[in-house]
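Protein chains: 4
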Amino acid sequence: MYITKISIRIHYALTDQMGVVYHGHYAQFYEIGRTEAIRQLGFTYKDMEAMGIIMPVVDIHSNFLRPAKYDDLITVITTLREMPVHHKILFHSEIYNEEEQLLNAGDVTLYFMESKTMTRCAMPANLKNKLQPYFEEKG
Amino acid sequence: MYITKISIRIHYALTDQMGVVYHGHYAQFYEIGRTEAIRQLGFTYKDMEAMGIIMPVVDIHSNFLRPAKYDDLITVITTLREMPVHHKILFHSEIYNEEEQLLNAGDVTLYFMESKTMTRCAMPANLKNKLQPYFEEKG
Amino acid sequence: MYITKISIRIHYALTDQMGVVYHGHYAQFYEIGRTEAIRQLGFTYKDMEAMGIIMPVVDIHSNFLRPAKYDDLITVITTLREMPVHHKILFHSEIYNEEEQLLNAGDVTLYFMESKTMTRCAMPANLKNKLQPYFEEKG
Amino acid sequence: MYITKISIRIHYALTDQMGVVYHGHYAQFYEIGRTEAIRQLGFTYKDMEAMGIIMPVVDIHSNFLRPAKYDDLITVITTLREMPVHHKILFHSEIYNEEEQLLNAGDVTLYFMESKTMTRCAMPANLKNKLQPYFEEKG
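Protein chains in written order, with our numbering: chain G, 1 to 139; chain H, 1 to 139; chain S, 1 to 139; chain P, 1 to 139.
Derived from the structure by calculation, the hints contain no laboratory data.
Accuracy of the hints is not assured; some may be wrong.
Intra- or inter-copy, both count: the list cannot distinguish identical chains.
[To be verified] Cut-off 20 Å, straight-line C-alpha distance, at most; resulting in silico cross-link-like pairs (SDA-like, lysine to any residue):
id, residue 1, residue 2
1, K128, R39
2, K5, V85
3, K130, P67
4, K116, L73
5, K128, G19
6, K128, A105
7, K69, G19
8, K116, A50
9, K116, M83
10, K46, I74
11, K69, I53
12, K5, G19
13, K88, R120
14, K130, Y96
15, K5, M18
16, K88, R66
17, K69, Q28
18, K69, H87
19, K130, Y111
20, K69, M83
21, K130, E82
22, K46, V20
23, K130, Q17
24, K88, D107
25, K88, H61
26, K116, E98
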């Protein structure tokens, strides 16, 4: 399992007239979370695009428990529970407020694709190598 | 069953550097679809808020099949498959491009809540009355 | 002078917790206005990009008089007051609500650039030809 | 003069299909900059709203020199050049990339207003007191 954490300060643009963060913006929080998850492996999603691999989102499920509010410093915890096989990768995200209440949980599935041919491909080997240690069986 | 349709032109702000609509923006398309669904009943969500009822989103599931692109005129088809019971309502959305290809399908669940007390409540009677004819059994 | 008009319905995502449209979103309204201005000439900005010409924004000035609100049907009036010379074009936008009150006025300056070389260029001839009749002196 | 600095990582949602940050998003960078400017005084804009004072934007001027790109870590330098008089305050923002190139410069004017009456008011005394030391004449 590979788990990372990042904090995001809620700015005004993210709120709506219900006085809370607009539900559609959580997809951005998941995005920021998984980008930092990749960065903390010593690699960036930007590098991957430069290598000709893109990761389009194919599925999102998002569950809203409590609202995030203006100026909240939320924490996004991003978890990769299983080593991806083939072209598919699933990130699980949990979003907490400063009182450590769970606000939102999301699952985002992405594909690895070659941008040139727009065909699915396996996870790049250098990313795989960096992730491997987190999924090794202790025994 | 109650079905409505609305078109949206994709502007530049909605695209990302993959050259397609950013996945996080589809929640807005669903929102526009269900708002128009309510408006076509001769009622508005704005009226409902003025009456003290808000409808926070509690769950979204979104499946991405093909990308929407800049300047596409997409069609959002919003379907209410079942008459809501209690405080919960589920809208199903399908998004098509001009070639009538299905781009995206989404399910959004919302609650009816009293804004004053922030407690769940039933669907307002006037909305219920407008919807009733679409769910009457024939026979 | 070349003037066009388009209406935009304010959806929830555009509001903020002040209960009005977030100021940063007006740039999108100007964008939608000038895109439709080009479309009404029988041409699209999308065509222009396909021809290898892009139009980055280099300057925006925006003045806020009254707030736009949720569910307002605003009108964006886009005016090209002068025929562009060289690589620069300036669109003036005015935004009105349904009571015909002026909400906002904006000036957006863009450059014509060749996307391949990223160098400034003149307005494409076909766009120029379409615009010419609106700027002919009556005499 | 009162100057503060904050860094923002550019995420995918902020890019457009030109491969750069969409021009309309810079207003958010200014907002984040001035919010942090206030926070570094030991005060928050959130506190001010709780006290019944809001700060709507009345004017923005934004000049674009170079594009910000995906994954850039931009720096927003926010400057208050003059102590506000009456109800008006002007923040100047400059945005730099990691190579310390100036990407964008913006001026944002806001009003202090009482949210209850929606009338203009003076800057709250506690904010004024915190700012005063930065504008004292040396002599």
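Outcome of the hint check:
Proximity of K128 to R39 under the C-alpha cut-off of 20 Å is restricted to the intra-copy arrangement: shortest distance 13 Å within a copy versus 41 Å between copies. With identical chains, the CA atoms of K5 and V85 are never at most 20 Å apart, being 24 Å at best within one copy and 39 Å at best between copies. In the homo-oligomer, the alpha carbons of K130 and P67 never lie at most 20 Å apart, since the shortest distance is 35 Å inside one protomer and 30 Å across protomers. Neither within a single protomer nor between protomers do K116 and L73 lie at most 20 Å apart by alpha-carbon distance, with minima of 39 Å and 26 Å respectively.
For the homomeric pair K128 and G19, neither the shortest alpha-carbon distance inside one copy (42 Å) nor that between copies (27 Å) is at most 20 Å. In this assembly of identical chains, K128 and A105 lie within 20 Å of each other by CA distance neither inside one copy nor across copies; the values are 25 Å within and 31 Å between. Within a single copy, K69 and G19 get their C-alpha atoms as close as 7 Å, and across copies as close as 14 Å, so both meet the 20 Å cut-off. With identical chains, the CA atoms of K116 and A50 are at most 20 Å apart both within one copy (11 Å) and between copies (18 Å).
Taking the closest pair of Cα atoms, K116 and M83 never come within 20 Å of each other, the shortest separation being 25 Å inside a single copy and 40 Å across copies. Taking identical chains as interchangeable, the C-alpha atoms of K46 and I74 lie at most 20 Å apart only when they sit on different chains, with a minimum of 16 Å there against 24 Å within one chain. Proximity of K69 and I53 under a CA criterion of 20 Å is satisfied inter-copy only: 18 Å between copies versus 35 Å inside one chain copy. For the homomeric pair K5 and G19, neither the shortest alpha-carbon distance inside one copy (26 Å) nor that between copies (27 Å) is at most 20 Å.
When the C-alpha separation of K88 and R120 is checked against a cutoff of 20 Å, the pair qualifies only within one copy, where the shortest distance is 9 Å, while the shortest distance between copies is 38 Å. For the identical chains of this complex, K130 and Y96 are neighbours neither inside a copy (27 Å) nor across copies (32 Å), given an alpha-carbon limit of 20 Å. Taking the shortest Cα distances, K5 and M18 never come within 20 Å of each other, neither inside one copy (28 Å) nor across copies (26 Å). Proximity of K88 to R66 under the C-alpha cut-off of 20 Å is restricted to the inter-copy arrangement: shortest distance 16 Å between copies versus 30 Å within a copy.
For the identical chains of this complex, K69 and Q28 are neighbours both inside a copy (15 Å) and across copies (17 Å), given an alpha-carbon limit of 20 Å. In this assembly of identical chains, the alpha carbons of K69 and H87 never lie at most 20 Å apart, being 36 Å within a copy and 23 Å across copies at closest. For the identical chains of this complex, K130 and Y111 are intra-copy neighbours only, at 18 Å inside a copy versus 43 Å across copies, given an alpha-carbon limit of 20 Å. When the C-alpha separation of K69 and M83 is checked against a cutoff of 20 Å, the pair qualifies neither within a copy, at 34 Å, nor between copies, at 30 Å.
With identical chains, the CA atoms of K130 and E82 are at most 20 Å apart within one copy only, with a shortest distance of 14 Å there and 48 Å across copies. When the C-alpha separation of K46 and V20 is checked against a cutoff of 20 Å, the pair qualifies only between copies, where the shortest distance is 13 Å, while the shortest distance within a copy is 31 Å. Taking the shortest Cα distances, K130 and Q17 never come within 20 Å of each other, neither inside one copy (43 Å) nor across copies (26 Å). In this assembly of identical chains, the alpha carbons of K88 and D107 lie at most 20 Å apart only when taken from the same copy (13 Å versus 22 Å across copies).
Taking the shortest alpha-carbon separations for K88 and H61, both the intra-copy value of 16 Å and the inter-copy value of 18 Å come in at or below 20 Å. Taking CA atoms no more than 20 Å apart as the test, K116 paired with E98 passes in neither setting, with 43 Å inside one copy and 25 Å between copies.
When held up to the earlier numbered hints, the structure conflicts with 2, 3, 4, 5, 6, 9, 12, 14, 15, 18, 20, 23 and 26 and fits the remainder.
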